[in-house]
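Chemist: As a plain string of letters, each chain reads:
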Amino acid sequence: MEDAWAKIDRTTIPASVPEAPLNFDEKPPFNRTINVYPLTNYTFGTKDAQAEKDKSVPERFKRMKEEYEVVGMRRSVEAVLIVHEHSLPHILLLQIGTTFYKLPGGELEIGEDEVSGVTRLLNETLGRTDGESNEWTIEDEIGNWWRPNFDPPRYPYIPAHVTKPKEHTKLLLVQLPAKSTFCVPKNFKLVAAPLFELYDNAAAYGPLISSLPTTLSRFNFIFNESS
Amino acid sequence: MTEIDESVLLGDIAEQHDGPIDENALLDEKVLKEEDVDDLYDEAIAPTNAEEPVKTSPPAATTVVAPTSSLSARAAPSNEGRKYCCYVGNLLWYTTDADLLKAIASTGLARSQFADMKFFENRTNGQSKGYALLVLNSDAAVKQIMETLPTKAIHGQSPTVLGYNKTNQAKLEEVQAKNQTRPDVKKKTFEDGCLNMGTIRIGTGNQATRTGTNNTGRSGPPPLMMQQVRPTPLMSQQAPIIQNQGPPQVPQMRLQINGQPVPMVNRAPVPQQGLMGTAPMGGMTQPMQQQPPMMTGQQQVRPMMQPTMGVQPMMGVNMAAPPPMTNQFQTSSRPPQLGMSVQPLMQMNTAMRPPVNGLPPVHVNPQMFPGIQGPTISDAEFEDVMNRNQTVSSSAITRAMTDASLGDIKGASETILTAIALIKNSRIGHDERCRQLVYALEHTLKGLESKGYSSRSSRSHRDRSRSRERDRKRRRRSRTRSRSYSRSPSPRRRRY
Numbered sequence: 001m002e003d004a005w006a007k008i009d010r011t012t013i014p015a016s017v018p019e020a021p022l023n024f025d026e027k028p029p030f031n032r033t034i035n036v037y038p039l040t041n042y043t044f045g046t047k048d049a050q051a052e053k054d055k056s057v058p059e060r061f062k063r064m065k066e067e068y069e070v071v072g073m074r075r076s077v078e079a080v081l082i083v084h085e086h087s088l089p090h091i092l093l094l095q096i097g098t099t100f101y102k103l104p105g106g107e108l109e110i111g112e113d114e115v116s117g118v119t120r121l122l123n124e125t126l127g128r129t130d131g132e133s134n135e136w137t138i139e140d141e142i143g144n145w146w147r148p149n150f151d152p153p154r155y156p157y158i159p160a161h162v163t164k165p166k167e168h169t170k171l172l173l174v175q176l177p178a179k180s181t182f183c184v185p186k187n188f189k190l191v192a193a194p195l196f197e198l199y200d201n202a203a204a205y206g207p208l209i210s211s212l213p214t215t216l217s218r219f220n221f222i223f224n225e226s227s
Numbered sequence: 001m002t003e004i005d006e007s008v009l010l011g012d013i014a015e016q017h018d019g020p021i022d023e024n025a026l027l028d029e030k031v032l033k034e035e036d037v038d039d040l041y042d043e044a045i046a047p048t049n050a051e052e053p054v055k056t057s058p059p060a061a062t063t064v065v066a067p068t069s070s071l072s073a074r075a076a077p078s079n080e081g082r083k084y085c086c087y088v089g090n091l092l093w094y095t096t097d098a099d100l101l102k103a104i105a106s107t108g109l110a111r112s113q114f115a116d117m118k119f120f121e122n123r124t125n126g127q128s129k130g131y132a133l134l135v136l137n138s139d140a141a142v143k144q145i146m147e148t149l150p151t152k153a154i155h156g157q158s159p160t161v162l163g164y165n166k167t168n169q170a171k172l173e174e175v176q177a178k179n180q181t182r183p184d185v186k187k188k189t190f191e192d193g194c195l196n197m198g199t200i201r202i203g204t205g206n207q208a209t210r211t212g213t214n215n216t217g218r219s220g221p222p223p224l225m226m227q228q229v230r231p232t233p234l235m236s237q238q239a240p241i242i243q244n245q246g247p248p249q250v251p252q253m254r255l256q257i258n259g260q261p262v263p264m265v266n267r268a269p270v271p272q273q274g275l276m277g278t279a280p281m282g283g284m285t286q287p288m289q290q291q292p293p294m295m296t297g298q299q300q301v302r303p304m305m306q307p308t309m310g311v312q313p314m315m316g317v318n319m320a321a322p323p324p325m326t327n328q329f330q331t332s333s334r335p336p337q338l339g340m341s342v343q344p345l346m347q348m349n350t351a352m353r354p355p356v357n358g359l360p361p362v363h364v365n366p367q368m369f370p371g372i373q374g375p376t377i378s379d380a381e382f383e384d385v386m387n388r389n390q391t392v393s394s395s396a397i398t399r400a401m402t403d404a405s406l407g408d409i410k411g412a413s414e415t416i417l418t419a420i421a422l423i424k425n426s427r428i429g430h431d432e433r434c435r436q437l438v439y440a441l442e443h444t445l446k447g448l449e450s451k452g453y454s455s456r457s458s459r460s461h462r463d464r465s466r467s468r469e470r471d472r473k474r475r476r477r478s479r480t481r482s483r484s485y486s487r488s489p490s491p492r493r494r495r496y
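First to last, the sequence lines map onto chains E and B.
Mind the numbering: the first sequence is residues 1 to 227 in full-length UniProt numbering, read in order.
Mind the numbering: the second sequence is residues 1 to 496 in full-length UniProt numbering, read in order.
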């Protein structure tokens with residue numbers, strides 16, 4: 001029946017993270033402690049460039065729309081990896097070109113859970129190439145952002161008039177091992193941005209990354225000395 | 001830093017800039033394939049797809065063909081692909097797409113007549129502007145909606161249905177402006193961007209690089225920006241040297257870093273704001289200069305150069321730092337490139353450890369070496385003129401870019417040339433920093449000429465909607481507009 005409208009009962013979203021399993025009972029610790037290590041504990045190599053899936057912005061949103069029509073809202077994850085310098089947390093960002101920064105991460109496969117997805121994506125993006133494996137400890141979910149339309153803006157909430165967001169991005173805090181090696185695709189540069197650089201600096205980093213200092217303030221970061 | 005990179009980035013970058021809603025986005029993405037109709041896209045406001053024309057259906061039976069008329073002129077193979085639009089207004093900010101859909105369904109409109117809808121949103125926070133574009137499949141459907149939808153109250157408000165034209169959209173825009181809790185982002189290209197002070201570039205090659213790329217919107221007031229250290233012989237171009245007040249440089253720097261309560265330079269206001277937003281990217285990243293390592297005798301610090309688009313931090317203004325601390329960087333210690341300057345990268349000893357596993361060492365750039373403090377604050381007059389020159393430079397580049405993007409290369413070049421002349425002839429035209437300004441201008445000029453500055457070609461691999469947004473924004477900007485605090489950088493920064 002092409003001419004029949006789908007029945008609409010509730011016209012609003014039922015939860016702020018609609019697709020998340022409900023969890024009323026599990027009480028997290030009152031505060032969380034995260035170990036961070038000096039940047040110099042880590043070594044960085046390069047590996048082959050990793051092309052973006054989409055060649056252009058239009059293509060990117062075109063594919064997003066096409067996929068939306070088939071599989072529904074895109075789910076993606078982004079990882080927050082933290083090191084420190086001078087006892088100040090620095091967030092690892094991938095720099096593309098000269099002015100664009102992004103967190104490592106990407107799209108989840110259909111049915112893939114966030115933890116294995118982010119692990120897979122981190123291995124693809126930053127994992128070493130010498131046969132050794134990287135250790136990524138997914139510590140916490142530190143945020144959820146939504147894209148209401150097939151266009152660039154994302155918000156840390158679903159705007160009230162939206163019932164069908166087009167992409168959901170989950171931010172995951174990843175604890176790094178004391179020492180490790182990362183291999184960075186040649187088309188990216190890896191930078192460690194201090195919190196003060198990001199704070200209130202949406203102009204340069206966008207609203208998501210610039211909100212991380214605020215988001216992370218609930219954690220107690222232990223600044224381990226260089227080993 | 002290829003052009004490809006830039007366009008790749010745009011995917012997410014675009015998140016940072018604002019613009020009016022793009023109606024095209026909700027319609028067939030075919031529009032995007034229609035690469036050859038640039039101009040139409042820039043002008044067209046009607047949603048469309050490649051094959052079929054779009055007609056607008058205003059309340060009256062008169063079918064006004066909106067600016068897409070050129071598209072409409074093409075024969076439509078069938079009626080089915082046509083899209084007919086109208087605006088639905090007087091919605092509450094929390095009226096959902098589902099609410100509206102439900103109301104539409106309740107009018108008895110056939111489902112097959114409904115094509116799509118798009119809420120207009122405040123780009124800053126995603127809030128609904130209280131009106132939406134409704135896309136239907138026939139003129140009759142539009143009429144039906146116009147007659148019946150207003151009787152279907154949503155949350156106690158009766159939706160208003162308006163014909164699809166600019167006037168009506170302007171009306172709706174005006175109404176919503178009163179109701180918005182926050183102003184929609186209006187972009188000032190001029191002041192946004194920011195310096196990546198303190199960002200540590202993790203080198204993957206033997207060249208650690210700094211990310212002095214952006215200038216920030218939260219720049220300090222002009223007077224402050226002018227409190228730069230006057231160039232001294234030490235700060236000559238060839239060797240960016242960190243001038244330390246104390247004798248031994250590096251160790252001292254470390255000490256100071258540790259000792260200062262707020263030793264780090266925060267994002268620095270950049271006098272050359274606007275450059276960032278407008279400097280052509282592709283071409284400008286090339287001519288960076290490798291500078292000879294200096295401070296050879298001073299362990300652990302060596303300048304690392306990288307071609308960046310960044311305007312140099314002329315001085316770090318640390319919010320919390322006492323005034324003297326705000327002048328941390330020697331402007332003149334940097335090569336004379338504005339909008340793409342090369343930045344000396346300090347490599348810290350911690351970063352100098354030998355490669356592990358054969359991998360290159362980590363390069364660290366804690367660029368806030370307070371080593372260069374004790375700013376000899378230059379006389380007001382000098383700064384005044386310098387300030388003026390910087391303004392001249394940045395606005396000239398901004399304007400030239402705007403002109404160039406509109407195809408007026410000649411006008412753009414003239415603007416640049418005028419600015420060069422002004423700066424050169426100013427009383428401090430011989431000053432190092434003035435020469436930097438001139439250099440940047442000349443470089444822009446070169447970029448304009450050599451690249452032919454084809455806005456069209458650069459557009460070709462970018463989102464149409466963004467071009468349109470930009471155009472619109474420009475239009476809007478010219479109309480009114482106080483400078484609202486901008487939360488996002490100029491999209492234009494990346495465009496060129």
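Be a bit skeptical, because a hint or two may be false.
Taking lysine to aspartate or glutamate and the EDC-like style, the derived pairs with C-alpha atoms no more than 16 angstroms apart in a straight line are [what the hints assert, rightly or not]:
{"#": "1", "chain 1": "E", "residue 1": "K164", "chain 2": "B", "residue 2": "D116"}
{"#": "2", "chain 1": "E", "residue 1": "K164", "chain 2": "E", "residue 2": "E67"}
{"#": "3", "chain 1": "E", "residue 1": "K166", "chain 2": "B", "residue 2": "E414"}
{"#": "4", "chain 1": "B", "residue 1": "K102", "chain 2": "E", "residue 2": "D3"}
{"#": "5", "chain 1": "E", "residue 1": "K164", "chain 2": "B", "residue 2": "E414"}
{"#": "6", "chain 1": "E", "residue 1": "K164", "chain 2": "B", "residue 2": "D97"}
{"#": "7", "chain 1": "B", "residue 1": "K424", "chain 2": "B", "residue 2": "E449"}
{"#": "8", "chain 1": "E", "residue 1": "K7", "chain 2": "B", "residue 2": "D97"}
{"#": "9", "chain 1": "E", "residue 1": "K7", "chain 2": "B", "residue 2": "E414"}
{"#": "10", "chain 1": "E", "residue 1": "K164", "chain 2": "B", "residue 2": "D379"}
{"#": "11", "chain 1": "B", "residue 1": "K102", "chain 2": "E", "residue 2": "D9"}
Selected chain B positions facing chain E (in silico; Cβ < 8 angstroms) [said to hold, decoys possible]:
{"#": "12", "residue": "W93"}
{"#": "13", "residue": "Y94"}
{"#": "14", "residue": "T96"}
{"#": "15", "residue": "D97"}
{"#": "16", "residue": "L101"}
{"#": "17", "residue": "A105"}
{"#": "18", "residue": "T107"}
{"#": "19", "residue": "A110"}
{"#": "20", "residue": "F119"}
{"#": "21", "residue": "K152"}
{"#": "22", "residue": "R201"}
{"#": "23", "residue": "V392"}
Bear in mind the hints are in silico, worked out from the structure with no lab data behind them.
Just so you know, even glycine gets a beta-carbon here, dropped at the ideal spot from N, CA and C.
Chemist: Take the hints in turn and mark each one as holding or not.
Modeler: Evaluated hints:
| no. | hint | in the structure |
| --- | --- | --- |
| 1 | E/K164 x B/D116 | holds, 13 angstroms |
| 2 | E/K164 x E/E67 | holds, 14 angstroms |
| 3 | E/K166 x B/E414 | violated, 46 angstroms |
| 4 | B/K102 x E/D3 | holds, 14 angstroms |
| 5 | E/K164 x B/E414 | violated, 50 angstroms |
| 6 | E/K164 x B/D97 | holds, 8 angstroms |
| 7 | B/K424 x B/E449 | violated, 21 angstroms |
| 8 | E/K7 x B/D97 | holds, 14 angstroms |
| 9 | E/K7 x B/E414 | violated, 62 angstroms |
| 10 | E/K164 x B/D379 | violated, 59 angstroms |
| 11 | B/K102 x E/D9 | holds, 9 angstroms |
| 12 | W93 | holds, 6 angstroms |
| 13 | Y94 | holds, 4 angstroms |
| 14 | T96 | holds, 5 angstroms |
| 15 | D97 | holds, 6 angstroms |
| 16 | L101 | holds, 6 angstroms |
| 17 | A105 | holds, 4 angstroms |
| 18 | T107 | violated, 10 angstroms |
| 19 | A110 | holds, 4 angstroms |
| 20 | F119 | holds, 6 angstroms |
| 21 | K152 | violated, 13 angstroms |
| 22 | R201 | holds, 5 angstroms |
| 23 | V392 | violated, 23 angstroms |
Consistency note: the structure conflicts with the earlier hints numbered 3, 5, 7, 9, 10, 18, 21 and 23.
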